[in-house]
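Model the full structure from these sequences, guided by the hints.
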Amino acid sequence: KAQWPRVFLLPMLEQLAPVFSMQALRLDGLEDGLALCNVDFFSSEQVNAEQLQHYYKICCTVDDIIVTTSCFAAWHKRKLTNGNAKIIPVVPTDASLDGVEPRRVFFFDDNVNLRLGSSAGTADAPGDCNLRCIKSGDFVDFSAGCNGFQRERIYEHTLVHHSSEYRCVVVQANILEAMALEDYFSGIMQRYTHPGEKVIVVMDVNGTILCGDSTMRLGPSKIILEAMCTLLELRPSKAFVFEWKGSEVSLGLDHISFKDFLLTHLANKSRDVFNDILDVDIVVELFKQLQVDALLAWSEHDERVSLDEFRNTYAKYMAVFTQQSDDDRNGQGLTKSWFKCLSMLREGGKGNRVGSVVINSFGTDTQAVLKRSVPDVQRIFHVAVNFEMWSKFDQKRYTEQFKDDDDDKSVETLQKTCRACDDPYSGFGQTCSRCRKLGHRGSVLQCSKCLGFFSGVRPLCPECWKSFDPTASQELAMMTDNSTKRATTFDGSAPAARTPSQ
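When you read off a place in the sequence shown, starting at 1, and then add 8, the result is the number in the numbering used here.
If you're looking for bench data, these hints aren't it; they were derived computationally from the structure.
Be careful, since some hints might not be right.
[Claimed, not checked] Simulated crosslink set (DSSO-like; lysine-lysine; CA at most 27 Å straight-line):
hint: 1; residue 1: 296; residue 2: 277
hint: 2; residue 1: 267; residue 2: 65
hint: 3; residue 1: 267; residue 2: 296
hint: 4; residue 1: 277; residue 2: 253
[Claimed, not checked] Derived DEER-like restraints, expressed as beta-carbon distance ranges:
hint: 5; residue 1: 387; residue 2: 292; range: 44 to 50 Å
hint: 6; residue 1: 290; residue 2: 53; range: 38 to 44 Å
hint: 7; residue 1: 144; residue 2: 312; range: 21 to 27 Å
hint: 8; residue 1: 253; residue 2: 387; range: 48 to 54 Å
hint: 9; residue 1: 88; residue 2: 173; range: 25 to 31 Å
hint: 10; residue 1: 248; residue 2: 123; range: 42 to 48 Å
Quantities reported herein were computed from a predicted structural model and do not represent experimental measurements.
We put the beta carbon where it would ideally sit given N, CA and C, even for glycine.
Written as structure tokens, this is what we have:
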């Protein structure tokens, strides 16, 4: 039903050709050596059910990894709400699809915004999860209490909405726990997958399996701080006026996440200003001032978070990231839990594949993930969503990532982290230009843990670094100081769910 480039003669793609109809995507400067196609979801108000079914069949047919680059232009046009976000096809539990076995779909993303409460899963809610029923193409509201969706909290900070009416599990992923727990993704999948059931895992990249954001040009420090600020809630004990750099912010008694406070009230919804605020010294100073008039606590928890606990949590996860970065396999900031998830899907515990993976991103950071995850990136099938709606800049970036495929240095230019200071940079070698200029002694810094001053480039002084063991099971498994409530290791079984009342 489609005109295919000659690359589709590859055995893997020969079986796909008769299954679905999509437009082959030809990009200037690229030979027919890549499997690229374009799918139309957003040219009309209603998502076409037939096109959605074709896309779902692709996800089922490919037995390893497929990449979908979603349409940021469509998402931005609808003010970054769920209704025009990443298309996630889901199947009702009582429905079937001709020629394809129904699968349970897991969607892992840090921007799902399940913490918004009763309206988190509506089409107009801020978020990037666009669940669509493959039978009708209609939006599926995944708010708790709608369409059979129930809400659970597992580990300490991960929220899950799972449905009894749809084969679907939506997970607001937490990069901190994904870094710390090797069984993070696989444990969640084991918990919600029925015996003998195959799955489709739709995986976000930035802030979910990759501690860094090449699109926003954020390094690990800012990614970790943003994740912590998202989890932290500001609960005023009284109405008060907060003063910051000559401006005043009036706060009532409503609870608000620390991230929303920074982004909305201090940055005036400017992402660039917000990124500048995401500096550990600035955030700590804001924390000091706010704790005078408000309770600061982790979301879904009642206990007050002290300034020392906040500092230690930041230092812990920076250390965990550095530990993982020292492994060449994870030199791009990829979590070990991502590789454990891939291994489980490929092997299934009994030598049988139990599912496929759809890497779904708005950015062009997927090639960096593929080069660490598959033996041959040329054999990966790529789907672009409404490529014709993209900006010229995004189209150019998308094309350029494939031109670099034959160049080993391309991985470095997409997302590279300095071995010395953990900041992102592009170029050659293992350290950024700043650290090369400073030399091995670095500069005068203040330790994030003991607050002492030292010469170096990392967030911890040498003494704290030596005494801190990021690989200890208790350090990794405990997400808060209330560690006695958690087992210190993960034995491969599914994690126990915890409700907000617990």
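Hints, one by one, checked against the model:
1. With a C-alpha separation of about 23 Å, the suggested pair residue 296 and residue 277 falls inside the 27 Å cut-off, and the hint holds.
2. With a C-alpha separation of about 38 Å, the suggested pair residue 267 and residue 65 falls outside the 27 Å cut-off, and the hint is violated.
3. Among the hinted pairs, residue 267 with residue 296 is consistent with the structure: their alpha-carbon atoms are about 15 Å apart, no more than 27 Å.
4. Taking the CA atoms of residue 277 and residue 253, the gap is near 17 Å; set against the 27 Å cutoff, the hint holds.
5. The given range of 44 to 50 Å is respected by residue 387 and residue 292, whose C-beta atoms sit roughly 47 Å from each other.
6. Our hint of 38 to 44 Å for residue 290 and residue 53 holds, since their Cβ atoms are close to 43 Å apart.
7. Residue 144 and residue 312 have their C-beta atoms about 47 Å apart, which leaves the hinted 21 to 27 Å range violated.
8. At about 53 Å, the CB distance of residue 253 to residue 387 agrees with the hint of 48 to 54 Å.
9. The hinted window of 25 to 31 Å between residue 88 and residue 173 holds, with their beta carbons roughly 27 Å apart.
10. A hinted range of 42 to 48 Å for the beta carbons of residue 248 and residue 123 is inconsistent with their spacing of about 24 Å.
The earlier numbered hints that this structure contradicts are 2, 7, 10.
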